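What follows is the residue order along each chain.
Protein chains: 2
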Amino acid sequence: MDYTLESGVDPLREAINNSLAQFVDRENEYLREIASELYPVADALKNFLLDSGKRFRPLFAAAGYVGSGGVLDTASINAIASIELVHVCALIHDDVMDGSDTRRGAPSIHRLFEKLHRNDSLKGSPEQFGVASAILLGDLALVWASKALHESGMPSQSLLRALPLYDEMRVELMAGQYLDVYEQALASESIERSLKVARFKSGKYSIERPLHFGASLSTGQNLLAYSGYGIPLGEAFQLRDDLLGVFGDPAQTGKPAGDDLREGKRTVLIAATLQRSTPDQKARINSLLGKQDLGISEVEELRAIITSSGALDFVEKMITDLTQESLAALETGTITSDAKSFLIHMAAVATKRSY
Amino acid sequence: MDYTLESGVDPLREAINNSLAQFVDRENEYLREIASELYPVADALKNFLLDSGKRFRPLFAAAGYVGSGGVLDTASINAIASIELVHVCALIHDDVMDGSDTRRGAPSIHRLFEKLHRNDSLKGSPEQFGVASAILLGDLALVWASKALHESGMPSQSLLRALPLYDEMRVELMAGQYLDVYEQALASESIERSLKVARFKSGKYSIERPLHFGASLSTGQNLLAYSGYGIPLGEAFQLRDDLLGVFGDPAQTGKPAGDDLREGKRTVLIAATLQRSTPDQKARINSLLGKQDLGISEVEELRAIITSSGALDFVEKMITDLTQESLAALETGTITSDAKSFLIHMAAVATKRSY
Chain A
1 MDYTLESGVD PLREAINNSL AQFVDRENEY LREIASELYP VADALKNFLL DSGKRFRPLF
61 AAAGYVGSGG VLDTASINAI ASIELVHVCA LIHDDVMDGS DTRRGAPSIH RLFEKLHRND
121 SLKGSPEQFG VASAILLGDL ALVWASKALH ESGMPSQSLL RALPLYDEMR VELMAGQYLD
181 VYEQALASES IERSLKVARF KSGKYSIERP LHFGASLSTG QNLLAYSGYG IPLGEAFQLR
241 DDLLGVFGDP AQTGKPAGDD LREGKRTVLI AATLQRSTPD QKARINSLLG KQDLGISEVE
301 ELRAIITSSG ALDFVEKMIT DLTQESLAAL ETGTITSDAK SFLIHMAAVA TKRSY
Chain B
1 MDYTLESGVD PLREAINNSL AQFVDRENEY LREIASELYP VADALKNFLL DSGKRFRPLF
61 AAAGYVGSGG VLDTASINAI ASIELVHVCA LIHDDVMDGS DTRRGAPSIH RLFEKLHRND
121 SLKGSPEQFG VASAILLGDL ALVWASKALH ESGMPSQSLL RALPLYDEMR VELMAGQYLD
181 VYEQALASES IERSLKVARF KSGKYSIERP LHFGASLSTG QNLLAYSGYG IPLGEAFQLR
241 DDLLGVFGDP AQTGKPAGDD LREGKRTVLI AATLQRSTPD QKARINSLLG KQDLGISEVE
301 ELRAIITSSG ALDFVEKMIT DLTQESLAAL ETGTITSDAK SFLIHMAAVA TKRSY
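Chains as they are written, first to last, in our numbering: chain A, 1 to 355; chain B, 1 to 355.
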């Protein structure tokens, strides 16, 4: 069965979800054959993967594939969907590293297995069991990502051309994640440094590399144009995400209000605020940022400083400029017109203000 | 340059180490180009990988390759060496899950980054930074494993034949690791259950699958014979490892005396001891096993119970029988004679009594 970009995001997302569901069902059957004790692993991964998720990265990969001349069929959808499993690894491990209790409104994987440990009255520390399980489930998702790609049914030549990009994307992801963790620990106040992290975490990993990966599955054309589109858009997307982490509506983000403030995230928004603040405000920000039990009135107070400092407007302007730059790059290659329309739409989705 | 199995283990191990060193140097240069903050990541992974390690899995892969008709050259050594990086991921993550302070006599990766956090007076929890770093370094090693294989220089057809086995090996590894963690938490007293874990952790992952992987890089022949050799030998190897964890010499194992007892590992040895113990002894074992500050006299006491119960002899007999079964399987395929001699030698190394 063939798919097109012209029918829009939803049918394509459904095709991606179907591919993921089929893969994970097949793998889960295999896990259950190994041992019944693996049932919770199989179920947890399936639910985590399929319960929600915007499928941003596979959608960009699909656009990269079509934009470079590919025709979407079952095999290419399978290959494209596989990168969502890389993302699942990143999310599961991210939650362990941040100590996050929830993900997309449900318990994070390490909390889920902590609970399983408690419910079954197992021996040892429930927290340690939760962390160990989440590390292994993330690892498994990363291995599944490779497996899903290898088994996608793509012609050998496409597969062999795509593997180096797949590898590079994943190396950059891990490097970007480390830089992010390190940046938080450094409590950096530099906009430049925060932007660099944003570039790796989102610019390259979430948009540019999925586009490249998709392109490499077809003809390998338009890599430069995709970089020109992907890197600034990724930064804009990350900046929007940072704004949502502070100003976002919990009903939409699935996270408590001001969660990034509680986590003490060192974002471009925070760096820009610190640069524009009085010494008193600066001291206040540094004392509240990362406070585990930050109350709603303190969140409001920080929001007020961020807004009055001009940092909110500054970041909104950055998002607008970066998005413009991104869209201009779509005219530089030989990207097919259906992919171009799709990518213009995706740029709007990725940077949409929704608070 | 060509290599043979006839010159023995050491030159082959050196060739594997050279391949790993070249790969990791290339990757580290790339990491350093991304950001200077990645220097510690690059250094830590390089040291962890190259400081020591028996290279068991690559050696078995080399035997599988040659035994099925392959000729060892630079490309195949590269491909074979790549599975050591899978193992590095497993070790780094294992140390996080166990909370181990050391690995091969040096600080474990999470402790190393905990120290870096303290030395640089970074913000937040040093422990959390250590764990986050170790999770990411393990992930990176797992991605590097794929990359090293893809870039090995093997002909496309060999590579494409090897990928499914590579995937299956890694899925089994993660499943086996989870079963192990779960088994510890269950505090199981069943020999059968402990053996099942041993089968996945060592039998399949450490020996059978590396042999299969090597075979698939050449002609794909002798898979059944390799299973017949690998599964029982892997079990024997794991049983030997369990004995070393209780009776081993710290100078040789690089771990404190009786470390498995302190960790409360539920091994076949412990299960066999419990089955042969009086109710009093059983209660004593259960009260000491997993005691974090277990002293040397308590280690001695547990050792005495294990020995006097007959469990030590029972496990030694199992090792002998399994090794016999393993060697007999070498006669069932068309394994080349040089690979056969090499595998007989490896069986002796893997099950050698050294305490």
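Please note: incorrect hints may appear among the correct ones.
Here are some, though not all, of the chain A residues that point toward chain B, as calculated from beta-carbon distances under 10 Å [claimed, not checked]:
no. : residue
1   : L91
2   : S156
3   : F247
4   : P250
Lysine-lysine pairs mimicking DSBU-like chemistry, simulated, CA-CA at most 30 Å apart [claimed, not checked]:
no. : chain 1 : residue 1 : chain 2 : residue 2
5   : A       : K317      : A       : K265
6   : B       : K291      : A       : K115
7   : A       : K282      : A       : K317
8   : A       : K352      : A       : K196
9   : A       : K123      : B       : K46
10  : B       : K282      : A       : K265
11  : A       : K115      : B       : K352
12  : B       : K115      : A       : K291
13  : B       : K255      : A       : K46
14  : A       : K46       : A       : K255
15  : A       : K54       : A       : K123
16  : A       : K46       : A       : K115
17  : A       : K123      : B       : K196
18  : A       : K123      : B       : K282
19  : A       : K123      : A       : K46
20  : B       : K196      : B       : K115
21  : B       : K265      : A       : K123
22  : A       : K123      : B       : K291
23  : A       : K115      : B       : K46
24  : A       : K255      : B       : K46
25  : B       : K115      : A       : K196
26  : B       : K352      : B       : K291
27  : A       : K196      : B       : K46
28  : B       : K123      : A       : K196
29  : B       : K123      : A       : K282
30  : B       : K123      : A       : K291
31  : A       : K265      : B       : K255
Bear in mind the hints are in silico, worked out from the structure with no lab data behind them. Keep in mind it's a predicted model, so treat the numbers as computed, not measured. For each residue, glycine too, the CB sits at the ideal point set by N, CA and C.
Cross-check of the supplied hints:
no., hint, verdict
1, L91, "violated, 12 Å"
2, S156, "holds, 6 Å"
3, F247, "violated, 24 Å"
4, P250, "violated, 24 Å"
5, A/K317 with A/K265, "holds, 21 Å"
6, B/K291 with A/K115, "holds, 24 Å"
7, A/K282 with A/K317, "holds, 23 Å"
8, A/K352 with A/K196, "holds, 22 Å"
9, A/K123 with B/K46, "violated, 36 Å"
10, B/K282 with A/K265, "violated, 51 Å"
11, A/K115 with B/K352, "violated, 42 Å"
12, B/K115 with A/K291, "holds, 24 Å"
13, B/K255 with A/K46, "violated, 38 Å"
14, A/K46 with A/K255, "holds, 21 Å"
15, A/K54 with A/K123, "violated, 38 Å"
16, A/K46 with A/K115, "holds, 18 Å"
17, A/K123 with B/K196, "holds, 20 Å"
18, A/K123 with B/K282, "holds, 17 Å"
19, A/K123 with A/K46, "holds, 26 Å"
20, B/K196 with B/K115, "violated, 37 Å"
21, B/K265 with A/K123, "holds, 12 Å"
22, A/K123 with B/K291, "holds, 12 Å"
23, A/K115 with B/K46, "violated, 37 Å"
24, A/K255 with B/K46, "violated, 38 Å"
25, B/K115 with A/K196, "holds, 25 Å"
26, B/K352 with B/K291, "holds, 29 Å"
27, A/K196 with B/K46, "holds, 25 Å"
28, B/K123 with A/K196, "holds, 20 Å"
29, B/K123 with A/K282, "holds, 17 Å"
30, B/K123 with A/K291, "holds, 13 Å"
31, A/K265 with B/K255, "violated, 38 Å"
Hint compliance for this structure: hints 1, 3, 4, 9, 10, 11, 13, 15, 20, 23, 24 and 31 are broken, all remaining hints hold.
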